[in-house]
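**Student:** Spelled out, the chains give:
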Amino acid sequence: MKRIATALAAVMVLSACGGDPLTGGNNNPAPTDTIVVGSGNFPESTVLAEIYAQALASKGVKVSKKLNIGNRELYFKGVQDGSIDLIPEYSGVLLKHVNKEATEVAPDEVYAALKKALPQGLTVLDKSAAEDKDAVVITKQTAAQYSLKSIDDLVPYCKEFVFGGPPEFQNRPDGLPGLKTKYNCEFKQFKALDVGGPLTVAGLKDNTVQAADLFTTDSAIKANEFVVLEDPKNVFAAQNVLPLINEKKASQQVRDVLNAISKKLDTKVLLDLNQKLSSPDKPEPEKVAKEWLASSGI
Amino acid sequence: MGGWLFDPAHWSGPTGIPVRLLEHLGYTLMTLLIAAVIAIPLGAFVGHTGKGGFVVVGLSNALRALPTTAVLILVVLWAGLGDFPVYVALVLLAIPPIMAGTYAGIRAVDPVTVDAARGVGMRESGVLLKVEIPNALPLIYGGFRGAALQVVATATIAAYTGAGGLGRLVFDGLALQEFGQMLAGAVLVALLAVLVDLGFAGLQRLTVSPGLRPVGTGGKT
Amino acid sequence: MTWIFENWDRFWEVTGVHLRLSVVPVLIGFVLSIPLGWLASRSATARAILFPLANILFTIPSIALIVITPVLIGVKILDEINVIVPLTIYTIALMVRSVADALSAVPGHVTAAANAMGFRPLRRFLTVDFPLALPVTIAGLRVATVSNISMVSVGALVGLGGYGQLFTEGYQTDNTAKVFAGLIGTVVLAVLADGLLLLLGRVLTPWARAGR
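Residue numbers (this note's numbering), protein chains in the order written: chain H, 412 to 709; chain A, 5 to 225; chain U, 23 to 234.
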């Protein structure tokens, strides 16, 4: 019996090893005056985060970066638990994330509703004119074959199509559930791919999926002559790029810097940034951000 | 926490748990088959001739260090979507333990036994196939079962590039922040690994001469 | 390769994080596995519990364990501890068997001689059993280190650092050179660490080569 007890104790040590003081010393928690900038798991988010971080750093604000974290479902928890303080966001999807029932679609209404809906301690600064929406995208061939222009036209064929998108698209109100309730469109199957990345593009191209979720600023849309279906019933609400920030870290200086950036950002800038990122020489987001900041005079 | 796993709705349809289990098992068995076809002859040849042993050991160690995620991503970027990149990444993972096990097994056969086989007039191929390999089987199985455990656990990563298998539960659960789904994925993978190992243990019992006692090795990437 | 030189600062930074995230678990895991391995070498009951448990822990996919850890131990989702705990568990799972096997393989006449010379158990363990067990233990440590170095990358799938960041970023931007840079970094780091441990083993156990 004694031996069993010893062994059990040993097992408990094993499972409790997370509390070892050795590991605690290696986490380097950021000092309280440092702003930790995060980004989502797609290049546009990373380059925007780089722009925020570099602009703040150039004004003497201490920043550290935790980029490419994951999707909103994941990084929003990071914003809430204080792992990160600042992250580029999109007004419409963020609103739907904090309030599933939100119905606002126009940019200003979305923005106003978002400010109210955010949990205490978090806020968004000025919104930019830059818009990047999720969109239902199909190939040119599919569009021609079924003569599709809007999601409305797609409805009769939904049951024949396989849809591709990031796994979270299955559950988001501005994802499959929205397409179902607003258009009564239910796809034959959903294939979990990536966040408007190479998988989704490849899936569309080789017809693994017939329709997919891509971002409207994705340069792959133009490069592959994909067709963005119109969304007359506004499943995808207005999506203005804006900074989501921990209020404690949003000093006047920080606000000024970030608002100045938002003033300069528009959809064309997003398109340009994405185009640069996917150009053949594959520049680092860090470099693309630096070049844009230099050219914008911030 | 177990709610997700035991919800009947998750046990049917084209994305149900049985389908994911079968996909996962399919990746595993196919990978092991391909890896065995490559690694056993190589390990046996080197073990038999005694030439290039350091190449086998060096190659095994270098392959062990290869991050499966990177291999998977590179092959996807290079060859596109599908099961092919999954097999490339997993086969590269499975080769080192199988090859090392085979090599070590053949080297460990008593030279007296091998000499005796030659002495009774066996050809080299006979020595290898009828004496060395049967005697090396316990170590070959050791390497093979180690590889199987690694492949079952690592096949989870395949879902990162849109493939199927139980990794879908882990990655979709992560994306949706559904803890129950992630946990179900982890538990099912561990369970499958144990079952696969039991299966091969049974096979080992049936095919290895009772005069040789089984041994096991392991490694993980 | 050119990516590494063009982005030297970044490469250096992720190398540091990668090294920290893989070496810390090896150290903690190694230290914890010595008493556990000792226990397993002495008691059949401990062996009957520890070995199957180690095998089962080992079969849990690393991505799953990394994802589940913050929920289980209640730390922030971007904390490095979320990689350190799973890798420590894998290290222990691997090392317990190595240490136990190594200790069991110490010849009975040697321990009997030490006992006869009046060595107390702790002193005998530290000066006789453990040193004799070192070659096999270090062999296990090499496997654990190499596999940890290769596994750390998985953490990038949930936003943690190391070479894995280069994999996910390279993947998203279709940048093969970046993925390749991370792959080369991982393999070089693993080979270096492996060589270092091999050397350490030779220095610490000169008798192992004597008379060969």
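The set of hints was computed from the structure by calculation and includes no laboratory data.
Among the hints, erroneous ones may be present.
Listed next, the in silico BS3-like pairs over lysine-lysine satisfying Cα-Cα at most 25 Å (straight line) [what the hints assert, rightly or not]:
hint : chain 1 : residue 1 : chain 2 : residue 2
1    : H       : K473      : U       : K98
2    : H       : K659      : H       : K544
3    : H       : K679      : H       : K660
4    : H       : K476      : H       : K633
5    : H       : K570      : H       : K593
6    : H       : K679      : H       : K659
7    : H       : K570      : U       : K98
8    : A       : K55       : A       : K134
9    : H       : K551      : U       : K98
10   : H       : K551      : H       : K602
11   : H       : K476      : H       : K602
12   : H       : K476      : U       : K98
13   : H       : K660      : U       : K98
14   : H       : K551      : H       : K660
15   : H       : K701      : H       : K527
**Student:** Each of the hints needs a verdict: does it hold here or not?
**Tutor:** Structure-based check of each hint:
Our distance criterion of 25 Å between C-alpha atoms is met by K473 (chain H) and K98 (chain U), whose separation comes to about 21 Å. This hinted pair does not check out: K659 (chain H) and K544 (chain H) have alpha carbons roughly 29 Å apart, beyond 25 Å. Restraint check: the Cα-Cα separation between K679 (chain H) and K660 (chain H) comes to about 30 Å, which exceeds 25 Å; the hinted pair is violated. Only pairs whose Cα atoms come within 25 Å are accepted, and K476 (chain H) paired with K633 (chain H) is rejected, the gap being roughly 31 Å.
Of the pairs offered as hints, the one joining K570 (chain H) and K593 (chain H) holds, with about 16 Å between alpha carbons and a cut-off of 25 Å not exceeded. Taking the CA atoms of K679 (chain H) and K659 (chain H), the gap is near 32 Å; set against the 25 Å cutoff, the hint is violated. Between K570 (chain H) and K98 (chain U) the alpha-carbon distance is near 41 Å, which puts this suggested pair outside the 25 Å criterion. Using a Cα cut-off of 25 Å, the hinted pair K55 (chain A) and K134 (chain A) holds, with the two alpha carbons roughly 20 Å apart.
Simply put, K551 (chain H) and K98 (chain U) have alpha-carbon atoms about 45 Å apart, too far for the 25 Å limit, and the pair is violated. Between K551 (chain H) and K602 (chain H) the alpha-carbon distance is near 20 Å, which keeps this suggested pair within the 25 Å criterion. About 32 Å separates the Cα atoms of K476 (chain H) and K602 (chain H), which puts this hinted pair outside 25 Å; it is violated. At roughly 16 Å between alpha-carbon atoms, K476 (chain H) and K98 (chain U) fall within 25 Å of each other, so this suggested pair holds.
For the hint linking K660 (chain H) to K98 (chain U), the alpha-carbon distance of about 18 Å falls within 25 Å, and the restraint holds. For the given pair, K551 (chain H) sits about 46 Å from K660 (chain H) by alpha-carbon distance, which is inconsistent with the 25 Å threshold. Of the pairs offered as hints, the one joining K701 (chain H) and K527 (chain H) is violated, with about 33 Å between alpha carbons and a cut-off of 25 Å exceeded.
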